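Chain by chain, the residues:
2 protein chains.
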Amino acid sequence: MKKTLQPQPLMLPLPAVLVSAQYQQRRSIITLAWAGVVSSDPPRIGLGIRPDRFSYDLIAKSGEFALNIPDTSMIEVVNYCGIKSGRNVDKFSDLSLTPIQGEYISSPMIKEAPLNAECKLDHLIELPGSHHLFLGEVLLIHADSTVLNDQGRIDPQKADIISFGGGAYWKIGEKAGIRGL
Amino acid sequence: MKKTLQPQPLMLPLPAVLVSAQYQQRRSIITLAWAGVVSSDPPRIGLGIRPDRFSYDLIAKSGEFALNIPDTSMIEVVNYCGIKSGRNVDKFSDLSLTPIQGEYISSPMIKEAPLNAECKLDHLIELPGSHHLFLGEVLLIHADSTVLNDQGRIDPQKADIISFGGGAYWKIGEKAGIRGL
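Taken in order, these protein sequences are the chains called A and B. Our numbering puts the first residue of the first sequence at 3, with every later residue one more than the last. Our numbering puts the first residue of the second sequence at 3, with every later residue one more than the last.
One should not assume that every hint holds.
One copy or two, it doesn't matter: identical chains are merged, so the pair holds either way.
[Stated by the list, open to error] BS3-like mimics (lysine-lysine), calculated; alpha carbons at most 27 Å apart, straight line:
no. : residue 1 : residue 2
1   : K63       : K86
2   : K160      : K113
3   : K173      : K160
4   : K160      : K177
5   : K86       : K122
6   : K160      : K5
7   : K4        : K122
Read the hints as simulated data drawn from the structure, not as lab findings. It should be emphasised that the depicted structure is a prediction, and the values quoted were computed from it without experimental measurement.
Model the full structure from these sequences, guided by the hints.
What follows is the structure in structure tokens.
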């Protein structure tokens with residue numbers, strides 16, 4: 003017998019990613035858990051962002067953003083960028099994060115995050131409700147070599163990724179199986 | 003110094019969820035990793051599905067689906083439902099899964115998954131490229147009491163959730179921090 007729970011945005015695991023963006027002289031970083039992959043070809047990710055967030059306009063006006071996947075040493079950064087607004091502070095300076103330039107976008111990526119993706123906004127869907135949906139095409143990925151396995155593939159354990167759920171952050175655990183029949 | 007990798011749909015962690023749907027006399031289950039939350043209010047989730055998948059029409063025509071969050075005892079089900087097509091088989095029967103009825107939708111939920119959500123399709127966005135984007139509002143959640151913590155909140159460790167990445171499935175690990183400054 004199951005218990006019923008009030009409707010809530012159920013998905014597990016949830017990511018906790020850092021999205022950085024710049025428009026003209028202003029840059030910022032926002033932590034998002036409402037984020038996921040939308041399509042394989044083109045490689046496209048989706049981000050749900052509230053219209054009143056400072057980063058909303060930076061992405062909407064510049065037409066680009068960087069996706070940064072943090073590791074568990076960055077929990078403080080993840081918390082700060084999810085809770086504080088960038089309207090009156092520069093989060094890169096505040097948190098002593100190192101901005102690095104990509105090849106295709108002007109928005110700075112976060113050097114301290116082991117994985118970064120340069121993304122071009124290709125759809126902004128103004129949904130009714132709390133969040134609008136930003137879709138972005140992944141143009142190029144930058145990866146610390148330490149997070150790659152012998153086949154050059156990203157290894158979630160080596161990347162020490164953060165899962166978010168139940169108000170807490172979680173480390174990735176042991177391998178539970180391999181994809182394939 | 004980072005290595006550049008060819009564009010790929012980067013997001014970590016990725017979920018591995020089972021979506022079940024029924025239209026008229028046909029039902030099926032599809033495993034998806036291109037899935038995430040889109041908005042809080044309404045609670046809305048997004049699913050990327052290839053137009054040639056059997057479940058695509060079941061969801062598009064019925065206007066509803068069930069989201070089922072599996073645990074790591076269900077890796078074989080997750081693999082099967084991600085790889086086999088439901089066009090010629092009934093996956094519930096094939097895998098001896100128990101269909102249960104919800105309150106708001108006709109599509110069967112999977113009893114063996116500890117978490118289920120009844121969802122109503124509210125947008126189908128025919129994106130250019132490999133996958134179309136289905137957005138669904140969560141109407142009600144059904145949870146095994148074993149996956150809830152003392153506050154009645156879903157606990158990712160108790161739910162024994164599956165993360166997907168690098169071609170493998172992963173257990174959830176230890177707590178890395180709490181949300182809040």
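Hint-by-hint comparison with the structure:
1. K63 - K86: Within one copy only: 21 Å inside a chain, 43 Å across chains, cut-off 27 Å.
2. K160 - K113: within (17 Å within a copy, 34 Å between copies)
3. K173 - K160: both (11 Å within a copy, 14 Å between copies)
4. K160 - K177: both (12 Å within a copy, 17 Å between copies)
5. K86 - K122: within (25 Å within a copy, 34 Å between copies)
6. K160 - K5: Between copies only: 15 Å across chains, 37 Å inside a chain, cut-off 27 Å.
7. K4 - K122: Classified as between; 20 Å across copies, 43 Å inside a copy.
Going through the hint list in order, the structure satisfies each hint without exception.
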